[in-house]
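**Q** Those sequence lines, one after another, are chains A and G. With the first letter of the first sequence counted as 1, position 50 gets the number 50 in this note's numbering; the numbers rise by one all the way through. With the first letter of the second sequence counted as 1, position 161 gets the number 161 in this note's numbering; the numbers rise by one all the way through.
Hints listed in this document are in silico derivations from the structure and should not be mistaken for laboratory results. Mixed in with the good hints there might be a few duds.
As the list claims (entries may be wrong) - Per the computed footprint, the stretches of chain G lying under chain A, defined by three or more beta-carbons under 8 Å from a beta-carbon of chain A, are:
id: 1; segment: 80–88
id: 2; segment: 102–113
id: 3; segment: 129–135
id: 4; segment: 149–156
id: 5; segment: 231–240
Claimed, not checked - Straight-line alpha carbon distances no greater than 16 Å define the calculated EDC-like cross-link-like pairs of lysine to aspartate or glutamate that follow:
id: 6; chain 1: G; residue 1: Lys-149; chain 2: A; residue 2: Asp-158
id: 7; chain 1: A; residue 1: Lys-149; chain 2: G; residue 2: Glu-156
id: 8; chain 1: G; residue 1: Lys-149; chain 2: A; residue 2: Glu-156
id: 9; chain 1: A; residue 1: Lys-149; chain 2: G; residue 2: Glu-101
Stated by the list, open to error - Chain G stretches covered by chain A per the calculated footprint, using a threshold of three residues with CB under 8 Å from any CB of chain A:
id: 10; segment: 12–24
id: 11; segment: 116–123
id: 12; segment: 139–146
We treat Cβ as the ideally placed atom computed from N, Cα and C, and that holds for glycine.
There are 2 protein chains.
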Amino acid sequence: MSDIRTISIVGMGPGWEEGMTFEAERALNDSDVIIGYTVYLDLLKDKYGDKEMLSTPMKQEVDRCRMCFDEALKGKKVAMVCSGDAGIYGMASIMYEISEEYDGNWNLVVIPGITAATSGAAILGAPLNHDFVVISLSDLLTPLETIEKRLRAAAEGDFAIAIYNPSSKKRHDYLQKACGILMEVIEEERPCGYVKNIGREGMSYKVCNIKELANEEVDMFTTVFIGNSQTRIIDGKLVTPRGYRK
Amino acid sequence: MSDIRTISIVGMGPGWEEGMTFEAERALNDSDVIIGYTVYLDLLKDKYGDKEMLSTPMKQEVDRCRMCFDEALKGKKVAMVCSGDAGIYGMASIMYEISEEYDGNWNLVVIPGITAATSGAAILGAPLNHDFVVISLSDLLTPLETIEKRLRAAAEGDFAIAIYNPSSKKRHDYLQKACGILMEVIEEERPCGYVKNIGREGMSYKVCNIKELANEEVDMFTTVFIGNSQTRIIDGKLVTPRGYRK
Numbered sequence: 001m002s003d004i005r006t007i008s009i010v011g012m013g014p015g016w017e018e019g020m021t022f023e024a025e026r027a028l029n030d031s032d033v034i035i036g037y038t039v040y041l042d043l044l045k046d047k048y049g050d051k052e053m054l055s056t057p058m059k060q061e062v063d064r065c066r067m068c069f070d071e072a073l074k075g076k077k078v079a080m081v082c083s084g085d086a087g088i089y090g091m092a093s094i095m096y097e098i099s100e101e102y103d104g105n106w107n108l109v110v111i112p113g114i115t116a117a118t119s120g121a122a123i124l125g126a127p128l129n130h131d132f133v134v135i136s137l138s139d140l141l142t143p144l145e146t147i148e149k150r151l152r153a154a155a156e157g158d159f160a161i162a163i164y165n166p167s168s169k170k171r172h173d174y175l176q177k178a179c180g181i182l183m184e185v186i187e188e189e190r191p192c193g194y195v196k197n198i199g200r201e202g203m204s205y206k207v208c209n210i211k212e213l214a215n216e217e218v219d220m221f222t223t224v225f226i227g228n229s230q231t232r233i234i235d236g237k238l239v240t241p242r243g244y245r246k
Numbered sequence: 001m002s003d004i005r006t007i008s009i010v011g012m013g014p015g016w017e018e019g020m021t022f023e024a025e026r027a028l029n030d031s032d033v034i035i036g037y038t039v040y041l042d043l044l045k046d047k048y049g050d051k052e053m054l055s056t057p058m059k060q061e062v063d064r065c066r067m068c069f070d071e072a073l074k075g076k077k078v079a080m081v082c083s084g085d086a087g088i089y090g091m092a093s094i095m096y097e098i099s100e101e102y103d104g105n106w107n108l109v110v111i112p113g114i115t116a117a118t119s120g121a122a123i124l125g126a127p128l129n130h131d132f133v134v135i136s137l138s139d140l141l142t143p144l145e146t147i148e149k150r151l152r153a154a155a156e157g158d159f160a161i162a163i164y165n166p167s168s169k170k171r172h173d174y175l176q177k178a179c180g181i182l183m184e185v186i187e188e189e190r191p192c193g194y195v196k197n198i199g200r201e202g203m204s205y206k207v208c209n210i211k212e213l214a215n216e217e218v219d220m221f222t223t224v225f226i227g228n229s230q231t232r233i234i235d236g237k238l239v240t241p242r243g244y245r246k
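The following block holds chain A by itself, in its conformation from the complex (with noise of 0.2 Å):
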């Protein structure tokens, strides 16, 4: 029997160095290759210069973790990065597939990271702070269609929605015609916010309604909170309430 050889897969949080947690810090101080897209890997070059670093350029993702086992093969402890979460639109999954490519007795090792919906849900003050849906808007990996329905869907269901890539240079009316779905359901007075750059330099926030949203300029580094319809905007912020005080 082969030896089981481990990758850990970890989230890095949402930028801010405080935003990672322990067991993140940890994988990274354990691995001797440290491997992911090249904008996380400057984040952590102050802190993990001493390790090798290795990428492939962005949309290579399928590269990337092959990169993985065979550094692994050569005998190194690899940590894949990804901002934010590990499994949520990170590389979590697409390592589980690669690794069926490879023989032997692979333990991949996910490690949670704090995802922009929670991040950015916490600098608005708390939009999901009841059952809610995440969606992309990215149409590169998932047919527009299924994108519209689950729109259609999370609107129907009453939940509080984040949106993740909202927009792009080619997508860049992409976030307007998703409100204009939503508002097939919901009131043009639907509370609503968004956070761009989180835990970035240039981190900014704005609370509105959905009316007003469509309209906004947002990017593939902006993440978008629509509320539910017993959310509201208390001293600014955008509040989901659980029901505790009905």
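Could you slot chain G onto chain A? The hints should help.
**A** This is chain G only, laid out in the frame that chain A set:
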């Protein structure tokens, strides 16, 4: 103009000490008094035994929040602790609501933590690695019809699903009922799983299908996961692909 008074609402993460963030630890270190449910305070006594700790019994969450404001008005630095994340079924929203009862300038700082959807997903593999919903089956604060509507919407939208509070002594058959509603749309073989006692003694997990799930014994310390139409079981783990390999 009155002073600005700050209260921190701190997500402690999944229960194991290393799952806390540096930011959460700093907020606890900086506090004079830590307020929370007794079970959570017990977890903190080893490390923060020098702090004043205050609590109210279970189901007296509103009083516990008022206690935070009352103590802050005495000039103390207050940290309110929540298990998991402060803003996902946590105390953040009710703290904002209670702040309206108190005069003065309140600065409520929500410090995010790893919620059970994320920590449980990490243990099961990567079940939430695409669009997902989080639903609580507790009808203490939410009408049962709303919960059932949301389950239907989640299935219609082909979301991966994380279920909190799947059962309790009074609601012993709620998970079974929920699976029944989901199976109006979802096939019986749909991959599912659950994690019991995340980060606590006796942690265990199981991967199964939704028909089997309906008959599993779960309790209020169990987090349940239901895959979307693309979810697969790989090497005993629950994996929802993002679509990189299509």
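**Q** Hints first: check each against the structure and report whether it holds.
**A** Here is how each hint holds up against the structure:
1. 80–88: With 4 residues close enough to chain A, the hint holds.
2. 102–113: holds (count 6)
3. 129–135: Holds, because 7 residues of the segment 129–135 of chain G bring their Cβ atoms closer than 8 Å to Cβ atoms of chain A.
4. 149–156: Coverage by chain A holds for the segment 149–156 of chain G (6 residues, Cβ < 8 Å).
5. 231–240: holds (count 5)
6. Lys-149/G / Asp-158/A: 9 Å, holds
7. Lys-149/A / Glu-156/G: Given that 16 Å is the threshold and the Cα spacing comes to 8 Å, the pair holds.
8. Lys-149/G / Glu-156/A: The given pair, whose Cα atoms are some 8 Å apart, holds under the 16 Å limit.
9. Lys-149/A / Glu-101/G: 41 Å, violated
10. 12–24: Since 10 is at least three, the answer is holds.
11. 116–123: holds (count 5)
12. 139–146: holds (count 3)
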